[in-house]
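Number of protein chains: 2
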Amino acid sequence: MSSQPEHPTLLIPGPIEFDDAVLQSMSHYSESHVGPGFVATFGEALSMLRKLFQTTSSSSQPFVISGSGTLGWDLVAANLVEPGEDVLVLSSGYFSDGFADCLTVYGAKVDLLKAPVGGRPQLPEIEQALKSKKYKVVTVTHVDTSTGVLSELQKLSETVQRVSPDTLLIVDGVCSVASEEIDFDAWKLDGVITASQKAIGCPAGLSISMFSGKAMDVFKARKSPPASYFASMKNWTPIMQNYEAKKPSYFATPSPQLIHALHTALTQILTKPLAERFARHREVSDKIKKTVAELGLKQVAANPDDQAHGMTAIYLPENVKATDLLPKLAKSGVVFAGGIHKEIAAKYVRFGHMGVSVTDPARTDIDKAIAALKSGLADCGYQKA
Amino acid sequence: MSSQPEHPTLLIPGPIEFDDAVLQSMSHYSESHVGPGFVATFGEALSMLRKLFQTTSSSSQPFVISGSGTLGWDLVAANLVEPGEDVLVLSSGYFSDGFADCLTVYGAKVDLLKAPVGGRPQLPEIEQALKSKKYKVVTVTHVDTSTGVLSELQKLSETVQRVSPDTLLIVDGVCSVASEEIDFDAWKLDGVITASQKAIGCPAGLSISMFSGKAMDVFKARKSPPASYFASMKNWTPIMQNYEAKKPSYFATPSPQLIHALHTALTQILTKPLAERFARHREVSDKIKKTVAELGLKQVAANPDDQAHGMTAIYLPENVKATDLLPKLAKSGVVFAGGIHKEIAAKYVRFGHMGVSVTDPARTDIDKAIAALKSGLADCGYQKA
Numbered sequence: 001m002s003s004q005p006e007h008p009t010l011l012i013p014g015p016i017e018f019d020d021a022v023l024q025s026m027s028h029y030s031e032s033h034v035g036p037g038f039v040a041t042f043g044e045a046l047s048m049l050r051k052l053f054q055t056t057s058s059s060s061q062p063f064v065i066s067g068s069g070t071l072g073w074d075l076v077a078a079n080l081v082e083p084g085e086d087v088l089v090l091s092s093g094y095f096s097d098g099f100a101d102c103l104t105v106y107g108a109k110v111d112l113l114k115a116p117v118g119g120r121p122q123l124p125e126i127e128q129a130l131k132s133k134k135y136k137v138v139t140v141t142h143v144d145t146s147t148g149v150l151s152e153l154q155k156l157s158e159t160v161q162r163v164s165p166d167t168l169l170i171v172d173g174v175c176s177v178a179s180e181e182i183d184f185d186a187w188k189l190d191g192v193i194t195a196s197q198k199a200i201g202c203p204a205g206l207s208i209s210m211f212s213g214k215a216m217d218v219f220k221a222r223k224s225p226p227a228s229y230f231a232s233m234k235n236w237t238p239i240m241q242n243y244e245a246k247k248p249s250y251f252a253t254p255s256p257q258l259i260h261a262l263h264t265a266l267t268q269i270l271t272k273p274l275a276e277r278f279a280r281h282r283e284v285s286d287k288i289k290k291t292v293a294e295l296g297l298k299q300v301a302a303n304p305d306d307q308a309h310g311m312t313a314i315y316l317p318e319n320v321k322a323t324d325l326l327p328k329l330a331k332s333g334v335v336f337a338g339g340i341h342k343e344i345a346a347k348y349v350r351f352g353h354m355g356v357s358v359t360d361p362a363r364t365d366i367d368k369a370i371a372a373l374k375s376g377l378a379d380c381g382y383q384k385a
Numbered sequence: 001m002s003s004q005p006e007h008p009t010l011l012i013p014g015p016i017e018f019d020d021a022v023l024q025s026m027s028h029y030s031e032s033h034v035g036p037g038f039v040a041t042f043g044e045a046l047s048m049l050r051k052l053f054q055t056t057s058s059s060s061q062p063f064v065i066s067g068s069g070t071l072g073w074d075l076v077a078a079n080l081v082e083p084g085e086d087v088l089v090l091s092s093g094y095f096s097d098g099f100a101d102c103l104t105v106y107g108a109k110v111d112l113l114k115a116p117v118g119g120r121p122q123l124p125e126i127e128q129a130l131k132s133k134k135y136k137v138v139t140v141t142h143v144d145t146s147t148g149v150l151s152e153l154q155k156l157s158e159t160v161q162r163v164s165p166d167t168l169l170i171v172d173g174v175c176s177v178a179s180e181e182i183d184f185d186a187w188k189l190d191g192v193i194t195a196s197q198k199a200i201g202c203p204a205g206l207s208i209s210m211f212s213g214k215a216m217d218v219f220k221a222r223k224s225p226p227a228s229y230f231a232s233m234k235n236w237t238p239i240m241q242n243y244e245a246k247k248p249s250y251f252a253t254p255s256p257q258l259i260h261a262l263h264t265a266l267t268q269i270l271t272k273p274l275a276e277r278f279a280r281h282r283e284v285s286d287k288i289k290k291t292v293a294e295l296g297l298k299q300v301a302a303n304p305d306d307q308a309h310g311m312t313a314i315y316l317p318e319n320v321k322a323t324d325l326l327p328k329l330a331k332s333g334v335v336f337a338g339g340i341h342k343e344i345a346a347k348y349v350r351f352g353h354m355g356v357s358v359t360d361p362a363r364t365d366i367d368k369a370i371a372a373l374k375s376g377l378a379d380c381g382y383q384k385a
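Just so you know, the protein sequences line up as chains A and B, in that order.
So that you can map any letter, position 46 of the first sequence is 46 in my numbering, and since no number is skipped, the others follow by simple counting.
So that you can map any letter, position 275 of the second sequence is 275 in my numbering, and since no number is skipped, the others follow by simple counting.
Take the hints with a grain of salt, since some may be wrong.
A pair holds if it fits inside one copy or across any two, identical chains being indistinguishable in the list.
[Stated by the list, open to error] Here are the simulated lysine to aspartate or glutamate pairs, EDC-like style, with alpha carbons at most 20 angstroms apart: (1) K155 <-> D166; (2) K234 <-> D97; (3) K234 <-> D101; (4) K223 <-> D101; (5) K247 <-> D324.
Hint data in this document are derived by calculation from the structure and do not stem from the laboratory.
Please read these numbers as outputs of a predicted model, since none were measured by experiment.
The whole structure should be built from the sequences, with the hints applied where relevant.
Written as structure tokens, this is what we have:
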């Protein structure tokens, strides 16, 4: 039984519905950010992140910094790239393009390899690009929240390793961490940046990331100082290492309440094998995508292999407007998101299915949402052709 | 009666003790960051900030961004100063120097006017400096959390207006907003940056700031683009304006829970006249400082006119170590902070007295702390000479 008041079920691709215990942790009484109690909580949260990212290498470095997920882009752009260096951005939507914009702000020379809407750049063209120029970094958006397109990391990493082994592979995992498998060490990833409010299931306000020893070495070898103060790895690395070693340390005040909530969320995630969690997200996603197909609707992510398992971006039928459908869903107590990709914004809606709505067997969020979608479309006059 | 579990009373200069209703707001059920309910809450919080800062000018611009207070420095350094431009930093401690470091990262040429420990730069030397060079910006730390030194804003502003009227006057109010009076319009301030977790009384995780129309015009007249992506006024200004106009808008996901808590904290603050709030902080501060004097102890802030009203930095007696005293205070259920100013770190402790611990008549935090300080010093073998 939830202790939360009756409220519309939030099924947008983040923020997601949060577990009661996580929300209760947000109300933790005030503690010193350098006191032993909080230092232990923060240190444990950092260690748990290693498990979530599946990294056992002691040279991997986690960061948890107060900020939106977007701050992770600055962390990469201001620390791992120096002005004038080349970066290849693989674009599968709005958020990939945002990462490119951020890199440009910090002086990177960005080549954007952009797939048509609903697709993702393909390995042969990526290989060709990697051969054409020595890239310092290649970025990929694991799941682009604007399109629901899932990128394939393992084969991409193999390609980068084979063709351009010095290039750092950086993953925007804002909409994938904790809903899609990420095997940080085995896949030889150099960085994954994410946020708290999606599949990790902790309220928004934390930028969360993991970088490889190789990425940290590249950072240390910079010729110019980091190009940000608040997002400087130089300022944060010793702080993160101290917290994880349970030693008090200060650069800028962290948010004890958010860190407590993160600790609770990670503890819950790690009580079960991660493989089970990812399988459950796939299972629920398959059910939703089957319903979409049965309704005669198409997904923005055209290719079944490219479809995320924590969200579904659904093209609306010809005569149904998002501005008509979304309020009908809301009347049924379900909140979906509208479109955000500029080229198709009015033509689709987004259904988020991550975290407790998917993993908690006591919750009926997904069935409620599927029923609401069906009746909402019918109320809009839609019938399958 | 508090619904919080029994816990040590946190009387460090931030984070402070939080009111129950504020902490309960942190547990708010999940909402869409662009849904009408949350948009209204965020918009109201932004409007309430105008009242807290005492600005009625429609050209003043508030910002509330997920991040630590430190992010406010980046906001100033990346948006209001262009590489190579001159900035005068008035230093009254560790945090003033930090602001200087941040400005330097973004390419500012910083002149540091540094007072001896426990003091603050004086008007004649400030005037001289302002006459020596055309500064784009002058920064002042209203209360430096490392020393408890209070800077005088009104006369400083008059000097800047008279000697160098084009120069922007930017205030670091992290440790002053909501405990010290700030009359934004009347004092012709161009920017005040602060954080949520001090006298505003909302858990850490929000960078809060107010900029004048003049500062926004200087920003708009930049020749180079903003030097940060996440801390870019270009990215955030339309978002803040839209939220305040109750229109959904997106750049990076805000933290609905923290914004709810901020809304609750600001609502509580604004139920009473601000003058009453500041008078109460002065009254309690006077009592604490009187006790310190009666104990035969000195403050780090030497001059009574330079002493903050939301914190007191207290030099320890010759033979008393902070590492002995602080645990004794903790046993009495009171948490003070150690020193942070490098030159004197081991020689003093810091007592924070802001927010509900001071304003809520039902709370006995301050008397408890004074008693703990007296008995703690006695247990350390200290007797007034």
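Hint check results:
Taking identical chains as interchangeable, the C-alpha atoms of K155 and D166 lie at most 20 angstroms apart only when both belong to the same chain, with a minimum of 17 angstroms there against 57 angstroms between chains. Taking the closest pair of Cα atoms, K234 and D97 come within 20 angstroms of each other only across two copies (17 angstroms); inside a single copy the shortest separation is 27 angstroms, beyond that limit. Proximity of K234 to D101 under the C-alpha cut-off of 20 angstroms is restricted to the inter-copy arrangement: shortest distance 13 angstroms between copies versus 23 angstroms within a copy. Taking the closest pair of Cα atoms, K223 and D101 come within 20 angstroms of each other only across two copies (18 angstroms); inside a single copy the shortest separation is 23 angstroms, beyond that limit.
In this assembly of identical chains, the alpha carbons of K247 and D324 lie at most 20 angstroms apart only when taken from different copies (18 angstroms versus 54 angstroms within one copy).
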